[in-house]
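Undergrad: Below, each chain spelled out in residue letters.
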Amino acid sequence: MLRKMLVVDDSLLLHKMYDLVLRRYATQGTAIVHAYDGAEALKLLGLHADVDLILLDVNMPTMDGLEFLRLRRPDPVLASIAVIVVSTEGKDHDTQLAMSEGASDYITKPFDPARLHHKIEAILRKGVGELRAHG
Amino acid sequence: MGNNPLFGELLDEFVIESSRRLETIEQALLEIGERPSANTAESVADLRRELHTLKGNAGMMGFRGIQSRAHELEECVVDGQPLTAEQTSFLLRGVDDIRASMHGATTADRSGLTVPVAAVDAIVELLADSMILGSRLARQIEMLGDDAEPMALAWEALEKTLTAIHRRTLALRLVPLNPLFASLHRIVHDESLSEGKEIHFIATGGETPLDKSLHHVAAEALGHIVRNAVIHGIEPAEIRLARGKPAAGSIRVSAVSSGAEEICVTIEDDGAGIDRHLLLAAAERKGLAVSDPNDLDSLLYLPGLSTLEETTLSAGRGIGLSASVTAVRRLGGRIEIDNRLGEGAAFRLFLPMQLSMVRVMLVEADGEQYAVPLSAVATVARMAKTELHVINGSGAIGRRRGLLPLLDLGMTFGTSAAIRPQGTVITLAVGGKRRGLLVDRPGAVLDCVVKPLDPICGSTTGILGTTIVSEGRVLLALDPIALLERPLSVRTAA
Chain A
1 MLRKMLVVDD SLLLHKMYDL VLRRYATQGT AIVHAYDGAE ALKLLGLHAD VDLILLDVNM
61 PTMDGLEFLR LRRPDPVLAS IAVIVVSTEG KDHDTQLAMS EGASDYITKP FDPARLHHKI
121 EAILRKGVGE LRAHG
Chain E
1001 MGNNPLFGEL LDEFVIESSR RLETIEQALL EIGERPSANT AESVADLRRE LHTLKGNAGM
1061 MGFRGIQSRA HELEECVVDG QPLTAEQTSF LLRGVDDIRA SMHGATTADR SGLTVPVAAV
1121 DAIVELLADS MILGSRLARQ IEMLGDDAEP MALAWEALEK TLTAIHRRTL ALRLVPLNPL
1181 FASLHRIVHD ESLSEGKEIH FIATGGETPL DKSLHHVAAE ALGHIVRNAV IHGIEPAEIR
1241 LARGKPAAGS IRVSAVSSGA EEICVTIEDD GAGIDRHLLL AAAERKGLAV SDPNDLDSLL
1301 YLPGLSTLEE TTLSAGRGIG LSASVTAVRR LGGRIEIDNR LGEGAAFRLF LPMQLSMVRV
1361 MLVEADGEQY AVPLSAVATV ARMAKTELHV INGSGAIGRR RGLLPLLDLG MTFGTSAAIR
1421 PQGTVITLAV GGKRRGLLVD RPGAVLDCVV KPLDPICGST TGILGTTIVS EGRVLLALDP
1481 IALLERPLSV RTAA
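So the protein lines, in turn, are chains A and E. Letter 86 of the first sequence, counting from 1, is numbered 86 in this note's numbering, and no numbers are missing. Letter 288 of the second sequence, counting from 1, is numbered 1288 in this note's numbering, and no numbers are missing.
It should be emphasised that the hints constitute simulated quantities derived from the structure, not laboratory data. Please read these numbers as outputs of a predicted model, since none were measured by experiment. Heads up, the beta-carbon is just placed ideally off N, CA and C, and yes, glycines get one too. Some clues are possibly wrong.
What follows is a list of derived Cβ distance ranges for each label pair [stated by the list, open to error]:
(1) E:1162 <-> A:74: 52 to 62 Å
(2) A:74 <-> E:1126: 50 to 60 Å
(3) A:93 <-> E:1065: 19 to 29 Å
(4) A:20 <-> E:1258: 42 to 52 Å
(5) E:1162 <-> A:105: 53 to 63 Å
(6) E:1206 <-> A:47: 33 to 43 Å
If you want the ones that stay clear, here's a sample from chain E, every Cβ over 10 Å from chain A, calculated [to be verified]:
(7) 1100
(8) 1159
(9) 1254
(10) 1262
(11) 1288
Based on the provided sequences and hints, a complete structural model is requested.
TA: Structure representation (structure tokens):
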């Protein structure tokens, strides 16, 4: 079950959209933590150790999504959190880079809310399976 | 609209956020255009990022047109390379296009106000209603006599709180002038480009607040003034140099709160100043009557006199200077000119910081709605058929103090031929005079701005002006003093 999700995006509009998607599809009781750039996301991850999933925008001021992925990699706890990269049409190169930096999956704007929901579900299922395999 | 019904409710948010992004983009472009030192790889990258986010958000909302226009603009910018003048112009035009598309998509606009104005207005109306209900309650308490003293004190405290909420809610409509200054900057940029003049635009005091509903009027008037300053005020570089001035002209815009209730926006240029003789000659050519050739104000605002019209296309935009000055005056503002021939001109626009609202009660007669200033309403009571006395064609109704003469609103404005046998009596009371206004039914109580009637309509006794209520309906606001003094004629001539 998705308990806590970190949304990293510099657009307030996108944060509100994710709230709506979550309210529509996710089970009750999922919390969203909001960050507006990569640096803030890293800081917030220190405060919210129980984040299950990160939705990460690529194109942000101060610290972009790719830089965030690079900086989180050496930390085993942070690196174990699943990340869905949200990129924009025509930015395939960024998407490839993000995947090579350890992102779990990606989705391209404009996306269908239901599709995002399916991706979230799939990752969480996979995550649980992995935990079982290790445990 | 959007292909995701889920996001439909975010339309206002989309417009507000995108408008801010467009403003950021526009400001950056204007800076880059004016100062080569601002044309850095970093600012170009920022610009590209803003366009990219704008594109993505438009896509999410399902605005394909905005998405593809933003895409074109983004593609025109190359990371790490400074912008050329052509690119800057192309991008500025694109900003205009996207703004226009968004304006068509929604009623929200490029202000700093993140709450829809209609929502604030609705709260103001509800507050007005509760204050009316409160005053009714106060009258009841008063009738109870001395025993009700604690109740009266409690009401007094509540009334103070309501008044404070009312004042603070009105203050929510105050919006900083920054976006307006940005649009002036843009005018100066565009006009100076087409005039081939180099002009520096310096703005201060953009944080000064002004009622949202006054921004449009201020923007019209100030737009004319800066356009005039660029086209007529600032001299061509060679003339400036010959006069011992720097080749580049400057236009300074500043705003201050010039009192608790008023703001003052100054537009100052270091150009040639206004030549009264040129204006007089133009008026003469057009055959316009000049009341006082020495009065610069009356000359400048002469309807039909636009020296711009003869020389450039720009003057055709929007309403003329004379009309926008009239609009400013109607709202209780004024414009002062400080003219120094050869040195420049300063225009000072004074506007009330907030629109003064009049609390009115809507009343209906023969299907027409009117607004009555509430300050003149003493009581509202239904009248039964048996209560009406008709004496020589004039109506009256029995009251404790004697007969209250009635004025049938429909007869007053020619929508009915005889006194209605039943309805509601609105007792108007001003300065000891009382009279009943007979209407079909009373309506809501609300705060609104009453604008004086256009002189073109002639003077209509009994009408204070027009007022715009929700849904943009225009109603006539009644003048209680004129209605109290109106002869109670047997039949209206109309």
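Undergrad: Please check whether residue 93 of chain A and residue 1065 of chain E have a Cβ separation lying inside 19 to 29 Å.
TA: With a Cβ separation near 26 Å, residue 93 of chain A and residue 1065 of chain E satisfy 19 to 29 Å, so the hint holds.
Undergrad: Cβ-Cβ distance between residue 20 of chain A and residue 1258 of chain E: within 42 to 52 Å?
TA: 45 Å, holds
Undergrad: Tell me if the beta carbons of residue 1162 of chain E and residue 105 of chain A are separated by a distance inside 53 to 63 Å.
TA: At roughly 55 Å between Cβ atoms, residue 105 of chain A and residue 1162 of chain E fall inside 53 to 63 Å, so the hint holds.
Undergrad: Look at the Cβ atoms of residue 74 of chain A and residue 1126 of chain E and judge whether their distance stays inside 50 to 60 Å.
TA: Hint holds: Cβ distance 57 Å, inside 50 to 60 Å.
Undergrad: Checking a non-interface call: every C-beta of chain A should be farther than 10 Å from the C-beta of residue 1254 of chain E. Is that right?
TA: 30 Å, holds
Undergrad: At the C-beta level, are residue 1206 of chain E and residue 47 of chain A separated by a distance inside 33 to 43 Å?
TA: 36 Å, holds
Undergrad: Between residue 1162 of chain E and residue 74 of chain A, is the Cβ distance one that fits in 52 to 62 Å?
TA: Holds - the Cβ-Cβ distance for residue 1162 of chain E and residue 74 of chain A, about 60 Å, lies within 52 to 62 Å.
Undergrad: Would you assess whether residue 1288 of chain E, listed as outside the interface, keeps its beta-carbon beyond 10 Å of every beta-carbon in chain A?
TA: 52 Å, holds
Undergrad: Compute the least Cβ-Cβ separation between residue 1100 of chain E and chain A, then decide whether it is above 10 Å.
TA: 20 Å, holds
Undergrad: Is the Cβ of residue 1159 of chain E more than 10 Å away from each Cβ in chain A?
TA: 39 Å, holds
Undergrad: Examine each Cβ of chain A, and state whether all of them lie more than 10 Å from the Cβ of residue 1262 of chain E.
TA: With a cut-off of 10 Å, residue 1262 of chain E remains clear of chain A, as the shortest Cβ separation is near 34 Å.
Going down the numbered hints, you'll see the structure goes against none, and every one checks out.
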